[in-house]
Amino acid sequence: MDEIAAGLVAALRLIVTLDSDLVEISLRSLQVSLIAVLIASAIALPLGAWLAIHRFRFRRATIAVLNALMGLPPVVVGLIIYILLSRAGPFGGLGLLFTVKAMIIAQVIIITPLIASIAHQAMRDLWAEYHDLLISLNTSKWQRIHTLIRDGRRALLTASLAGFGRAIGEVGAIIVVGGNIDHATRVLTTAIALETGKGDFALALGLGFVLIALAIGVSITTHWLARTEKDSRW
Amino acid sequence: MIARLAALALALTLVPAHAETMKLAVTTSFHNSGLSDVLLPQIEADTGIDVQLLVVGTGQAIRLGQSGDVDAILVHSRVAEDAFVADGYGTHRREIMYNDFVLIGPAIDPANARASESINDALSSIARAKATFVSRGDDSGTHKKEVALWASTSRDPADFGIWYKAVGSGMGAALNTASGLDAYILSDRASWLNFGNKGGLELIFSGDPALFNQYAYLPVNPDRHSHVNAKTAARLEDWLTSDVARDSIDSYQINGETTFTFNAAVE
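If you're matching them up, the sequences are chains A and B in order.
Numbering follows this note's numbering, with no gaps: position 225 of the first sequence is 225.
Take the position in the second sequence, starting the count at 1, then add 1000; the result is the number in this note's numbering.
Wrong hints could be hidden among the right ones.
Residues of chain B clear of chain A, computed beta-carbon distances all greater than 12 Å [unchecked claim]:
{"hint": "1", "residue": "Thr1047"}
{"hint": "2", "residue": "Asp1050"}
{"hint": "3", "residue": "Val1056"}
{"hint": "4", "residue": "Gly1068"}
{"hint": "5", "residue": "Asp1069"}
{"hint": "6", "residue": "Ala1107"}
{"hint": "7", "residue": "Ala1127"}
{"hint": "8", "residue": "Leu1175"}
{"hint": "9", "residue": "Gly1196"}
{"hint": "10", "residue": "Lys1198"}
{"hint": "11", "residue": "Leu1211"}
{"hint": "12", "residue": "Val1244"}
{"hint": "13", "residue": "Asp1247"}
{"hint": "14", "residue": "Tyr1252"}
{"hint": "15", "residue": "Glu1257"}
Only part of the chain A face toward chain B is listed, based on derived beta-carbon distances under 10 Å [to be verified]:
{"hint": "16", "residue": "Ser86"}
{"hint": "17", "residue": "Gly89"}
{"hint": "18", "residue": "Pro90"}
{"hint": "19", "residue": "Gly179"}
{"hint": "20", "residue": "Asp182"}
{"hint": "21", "residue": "Ala193"}
By construction, these hints were calculated from the structure, which means they are not laboratory data.
All values derive from a computational prediction rather than experimental measurement.
A virtual CB, placed ideally from N, CA and C, is assigned to each residue, including glycine.
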């Protein structure tokens, strides 16, 4: 139990002194996860809405697979991307292995199914409500998707935040494709893994608390920007 | 909107380029010892090379070198290194420095290994007592060494019972496990000295010449991987074998103990 207290002290010390390494890896954590969420949301939100309104033969199977992919083991995703991006692999010529870009690619693959699944669920309920109206107005498919995304933006925000939560706390994939290189690909989670390996639990926990604070900060900022949960609005 | 987001994403991905960088796969023991934290800033100051370290086990370091994902490797497993060069993956093997392995175990020493004359005796008494033993089990240099030491006592870890726990992780994580289980474990001296969670563990046995641990530098062969940064790898080798490196390596101490000894031969 003393270690948790020591971890809190370590976290405070790191934050108060604005430790330059801490600032660097925290910014990189944010950079990787935010870009991954932006890219994944750009794919997953329209996909979720499209799945809600479009009827096709393998729709049920597609949705089942999408839901199952929410449980993708990150380390397997990391390993597959590692093999693909390795110099000996098919995309080796791009020289992307052990770069921030490789970490973003891994996270996009991990969180896209999660965001799409949550978005689809929310869009499906909204579509049930809007179906008759939008059909009677003779809207195009793109207009319907657009309306659903616009009116369901709060639920979609939650979907994206869930994706962000998974991305920022993820270590299995990015430590494999990023390599945890100091000043290049080290982020909060991989630094925590490293400090745990050194047996420095106080510093590892300190970084962990910083990570939790960062996730809370991003969530609050997003809600503030989106003006959700204000007493006069729903 | 989407174009703007894409532009933002692109802007965030552009990392400032360094003058001269190279990727070096090193063993966990080299990094966990803290020596890399001392050497890397000096290398950058003296040569301008930004060495990006990939901290992995020797097995994985060799894989990285084979597939050309790094420019050079710094590892400690003679047999695997010789095979690496013989198969044409590396241009040559250059010895840099050595440290030694130590047997760590619970302070109460249930197998009475402390009184041993040799590492052979110490391991034999652990096996006879079936005292809990944590093995790296990750094909690293330390793991290969441990298996070789068991072999020299005419034992095979595959035949051991549940007292022998192969954890399949790095030196630090394995030490954490040993600390939690009050188990014996083979560690390199530097990682042990630098380890922060010793718990009830102590150094039980060391000093046998069989525990000698040689580190070698192997540049990846540019004939096999044309993109490899061979020139920078050669400049790093020059630095690692220089008198400046000798001073830094020999004077590096943890808790007042010398941990590495420089032994690169002048060419």
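Hints versus structure:
Here Thr1047/B stays apart from chain A, with its beta-carbon at least about 16 Å from theirs, past the 12 Å limit. At roughly 8 Å from the closest C-beta of chain A, the C-beta of Asp1050/B falls inside 12 Å, breaking its exclusion from the interface. Once the 12 Å rule is applied to beta carbons, Val1056/B is inconsistent with being away from chain A; the minimum gap is 8 Å. Not every Cβ of chain A is farther than 12 Å from the Cβ of Gly1068/B; the closest lies at roughly 4 Å, contradicting the non-interface assignment.
Residue placement check: Asp1069/B does not keep its beta carbon more than 12 Å from all beta carbons of chain A (closest about 5 Å). Under the 12 Å C-beta cut-off, the non-interface status given to Ala1107/B relative to chain A holds; the minimum distance is some 17 Å. Listed as outside the interface, Ala1127/B is consistent with that label: its C-beta sits roughly 27 Å from the nearest C-beta of chain A, beyond the 12 Å cut-off. Distance check on Leu1175/B: its Cβ comes as close as 6 Å (rounded) to a Cβ of chain A, failing to clear the 12 Å threshold; non-interface status is violated.
A cut-off of 12 Å between C-beta atoms contradicts the statement that Gly1196/B is not in contact with chain A; the least separation is 4 Å. With a closest Cβ-Cβ approach of about 8 Å to chain A, Lys1198/B is found to fall inside the 12 Å limit, against its non-interface label. The claim that Leu1211/B lies off the interface holds: its Cβ sits roughly 22 Å from the closest Cβ of chain A, which is beyond the 12 Å cut-off. Non-interface call for Val1244/B relative to chain A: holds, since the shortest CB-CB distance, roughly 21 Å, exceeds 12 Å.
With a least CB separation of 23 Å from chain A, Asp1247/B remains clear of the 12 Å interface cut-off, as annotated. The non-interface label for Tyr1252/B is consistent with chain A: the shortest C-beta to C-beta separation is roughly 16 Å, beyond 12 Å. With a cut of 12 Å on Cβ distances, Glu1257/B stays outside the contact zone with chain A, its closest approach being about 17 Å. Below 10 Å, beta-carbon pairs count as interface contacts, and Ser86/A has one with chain B at about 5 Å; its hint therefore holds.
About 8 Å separates the beta-carbon of Gly89/A from the nearest beta-carbon of chain B, less than 10 Å, and the hint is met. Because the closest C-beta pair between Pro90/A and chain B is about 12 Å apart, greater than 10 Å, the hint is violated. At its closest, the beta carbon of Gly179/A sits 5 Å from a beta carbon of chain B; the interface hint therefore holds under the 10 Å criterion. The interface hint given for Asp182/A is met, as the beta carbon of that residue sits about 6 Å from the closest beta carbon of chain B, less than 10 Å.
Here the hint on Ala193/A is kept, as its CB sits about 9 Å from the closest CB of chain B, short of 10 Å.
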